[in-house]
Amino acid sequence: MNEQALITDAQQGNLDAFNTLVLHYQGGVFNTALRILGDEDQAADASQEAFISAFKSISSFRGGSFKAWLMRTVTNACYDELRRQKRRPTTPLEPDTDDGEEMDSPRWLADPNMTPEQKNEADELEHAIQHCLNNLPLEFKTVVVMADLQGMDYAEVATAMRVPLGTIKSRLARARLRLRECLQGFTELLRASYRLEGGHAAQ
Amino acid sequence: MNQRDLEILSSYLDGQLTPSDSARLEARLKSDPELVSVLDDLRAARTLLRKLPQRRAPRNFTLTRKMVGLNPPLPRAYPAFRFVTTIATLLFFFTFGVNTLAPQFAQAPAFGIGGGNEAESFVAQAPAATEPPAIAESAATEAPATEATASDLLPLPTAMPPSEDSARVLGTPTTKAGAAGNADDSNQSLAGSDASPQEGAPFIPSVWQILFAVIAIAGAVFMALMRRSSINRWK
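One line per chain: the protein sequences are A and D, in this order.
Residues 321 to 523 (our numbering) are what the first sequence spells out, left to right.
Residues 6 to 240 (our numbering) are what the second sequence spells out, left to right.
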């Protein structure tokens, strides 16, 4: 995929070229929105809004990291969604289990190749991390999602958030420390992950 | 442990320190177990975050032209057609309005002016005022349609005998009577053999109205065809 050529075509109004970019980046955009908002439907709506907004304003893209530019668009869409939620709070609908109880974490997108134990463990890990992410201040959450979940480097995150590099470093360090403290409350649930982590810590 | 050390440790994890800063930190780590503990905490948090599975997007977020409000590119002649059609439509309605309202304005002074006496005096004066025979003749020859209109109006007085009506009107000087008297007046004046052929004739010739209507309809049809053809080509 020649990203630069696609961007140039999209800037001239070529929707097909832009849709090729959408297909390439939609996973990252959706997961970023999902981790910031913590709700799949809202994340899907925010992602769609972000792509519409990105197409309409793509002429303002002046080079650099397209991913960072796109991430700024999606974080703006997420902030808009959060502001909307504040104005009109809603109760999220959780899927019910067979015995009528609400599940803590939706499972319908789980990998079908996983064993039931692996699925359970993945769900618990995801739930724990999402819970701790939700407890972070928004600007900390956004930085940690971009840097650690999307693998963006500091410069890209700084571009996406329009803040100095030093601020990104500071927010990321504090966010990681807070997450660690929060996740310690899930030690029992995450014992397998912690064991795995022992090997990394020794590196 | 201060904020600066925390940032350095986090940047060290991500390989964002310069080689000299890294070497300095590694020397400190050998002698400071608290730094090592915080570094382990940061690494543990980062590892867990990176273990978080990437969800598959529930649907494709590709955009349609409707979503972004894109319209098909129209031919260059389209704006010209639109302009001509708009002007023709406006002119059609203008001429239609003028032709509809002009006779009413022409009759307006007779309404509500007074009672039957005035109406009667108007009847008496009407032939003289509207009847220069030469003009009437020339107008009749120039506009045959007006003659037909005048002749169409001629039977009216026979349906309502002027003598009875004027007698009744003279006794009741009300607005209604005035209006009735006025209608009678016009009938009488027309029946008075030499009515002006310009009365009842369209202020703007009908041929112009037809022309504007045809241009407006044809323009609209052409525009619709152009638009449909552009949409088909766009798909």
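Check before you lean on any hint, since a few could be wrong.
[As the list claims (entries may be wrong)] Output of the computed footprint for chain A on chain D, the stretches with three or more beta carbons under 8 Å from beta carbons of chain A: (1) 13-27; (2) 72-81; (3) 93-107; (4) 207-214.
If you are wondering where the hints come from, they were derived from the structure by calculation, not from laboratory data.
Model, not experiment: these values are computed from the prediction.
Note that the Cβ used here is the ideal one computed from N, Cα and C, for glycine as well.
Hints and how they fare:
For the stretch 13-27 of chain D, the stated coverage by chain A is satisfied: 5 residues place a CB nearer than 8 Å to a CB of that chain, which reaches the threshold of 3. A stretch counts as covered by a chain when three or more of its residues have a beta carbon under 8 Å from one of that chain; for the stretch 72-81 of chain D and chain A the count is 3, and the coverage holds. A count of 0 residues in the stretch 93-107 of chain D with a Cβ less than 8 Å from any Cβ of chain A is obtained; the coverage claim is therefore unmet, three being the minimum. Evaluation of the coverage hint for the stretch 207-214 of chain D: breached, as 0 residues show C-beta separations to chain A shorter than 8 Å, against a requirement of three.
Against the hints set out earlier in the document, violations occur for numbers 3 and 4.
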